[in-house]
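Visitor: Sequence:
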Amino acid sequence: MFSKFHFSRIFQRVTGLSPGRFLSALRIQEAKRLLVTTRFAVTEISHQIGYSSVGTFSTRFTHSVGVSPIKYRQLQSAVPWSLIGHRHDLEGVSSARITGEISSPIERPVFAGLFPGRLLEGRPVRYTVIDGPGSFELADIPPGNWYLMTQSVEAGREDALDHPPGGDRSLYVGFGGPISVPPHSMTRRMDVQLRPMTPLHPPALLALRELFST
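Residue numbering for the sequence shown is 15 to 228, as defined by our numbering.
Worth flagging that the hints you see were computed from the coordinates, not collected in a lab. Certain hints may be false.
[Unchecked claim] Cut-off 20 Å, straight-line C-alpha distance, at most; resulting in silico cross-link-like pairs (SDA-like, lysine to any residue):
{"#": "1", "residue 1": "18", "residue 2": "29"}
{"#": "2", "residue 1": "85", "residue 2": "114"}
{"#": "3", "residue 1": "18", "residue 2": "36"}
{"#": "4", "residue 1": "85", "residue 2": "54"}
{"#": "5", "residue 1": "85", "residue 2": "224"}
{"#": "6", "residue 1": "85", "residue 2": "18"}
{"#": "7", "residue 1": "85", "residue 2": "70"}
{"#": "8", "residue 1": "85", "residue 2": "47"}
{"#": "9", "residue 1": "85", "residue 2": "225"}
{"#": "10", "residue 1": "85", "residue 2": "73"}
{"#": "11", "residue 1": "85", "residue 2": "56"}
{"#": "12", "residue 1": "85", "residue 2": "57"}
Remember, it's a predicted structure, so these values are computed and weren't measured experimentally.
Construct the entire structure; sequences and hints are all you get.
Guide: What follows is the structure in structure tokens.
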């Protein structure tokens, strides 16, 4: 039988997150699902997923998803939209860039973003969307240690409410890193292979609709 410390090390090596962080992400993902599929009040949802304080839940949800619980519920009733054509680069911040190839067994748009941790949550420091598997580039990357998080999902399911998804509608995910970006010029190549999401992958928490509307 594993000690809790040995279990935690193995769990983090397999999933990329500590058990506690992984559980926290699953709770937020369940809150996303309840907000879209039920009419429960935010207070009730926060209690259902294990939060004793609705304020703490709302703060954590907003940090992870990028929008408040109420706004997230409103976003899901918006008209359909497309991933294509979205990119976030800032001029003059840095001359560092990352290029590479994203491989996937299916042809559909791919989101690629840089995050401070191995979890697709919060706002990426840089991101792009490509039409399908192929070459990508992220430019003007600020100094720091970043993870490249990628995902591809069927149109209309960009927020990936099923965990894990299944069948032809599966969410495909991939990651690379950590990538250490110095304050001076550099070009780093990183190739990523997208694979079907499994229960061992942390959920994708970021609301792409909100990200692309700002």
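Visitor: Give a verdict on every hint.
Guide: Okay, the hints, checked on the actual structure:
1. Between the alpha carbons of residue 18 and residue 29 the distance comes to roughly 16 Å, so the proposed pair stays at or under 20 Å and holds.
2. A threshold of 20 Å between alpha carbons decides the hint, and for residue 85 with residue 114 the separation of about 35 Å lies outside it, so the pair is violated.
3. Straight-line distance between C-alpha atoms of residue 18 and residue 36 comes to about 15 Å, which keeps the hinted pair within the 20 Å bound.
4. With a CA separation close to 14 Å, the supplied pair residue 85 and residue 54 stays within the 20 Å bound.
5. The hinted pair formed by residue 85 and residue 224 meets the criterion: a straight-line CA distance of about 9 Å does not exceed 20 Å.
6. Simply put, residue 85 and residue 18 have alpha-carbon atoms about 38 Å apart, too far for the 20 Å limit, and the pair is violated.
7. Our distance criterion of 20 Å between C-alpha atoms is met by residue 85 and residue 70, whose separation comes to about 17 Å.
8. For a cut-off of 20 Å, the pair hint linking residue 85 to residue 47 stands: about 14 Å separates their Cα positions.
9. Between residue 85 and residue 225 the alpha-carbon distance is near 13 Å, which keeps this suggested pair within the 20 Å criterion.
10. Of the supplied pair hints, the one linking residue 85 and residue 73 holds, its CA atoms being roughly 13 Å apart against a limit of 20 Å.
11. Simply put, residue 85 and residue 56 have alpha-carbon atoms about 11 Å apart, close enough for the 20 Å limit, and the pair holds.
12. Between residue 85 and residue 57 the alpha-carbon distance is near 15 Å, which keeps this suggested pair within the 20 Å criterion.
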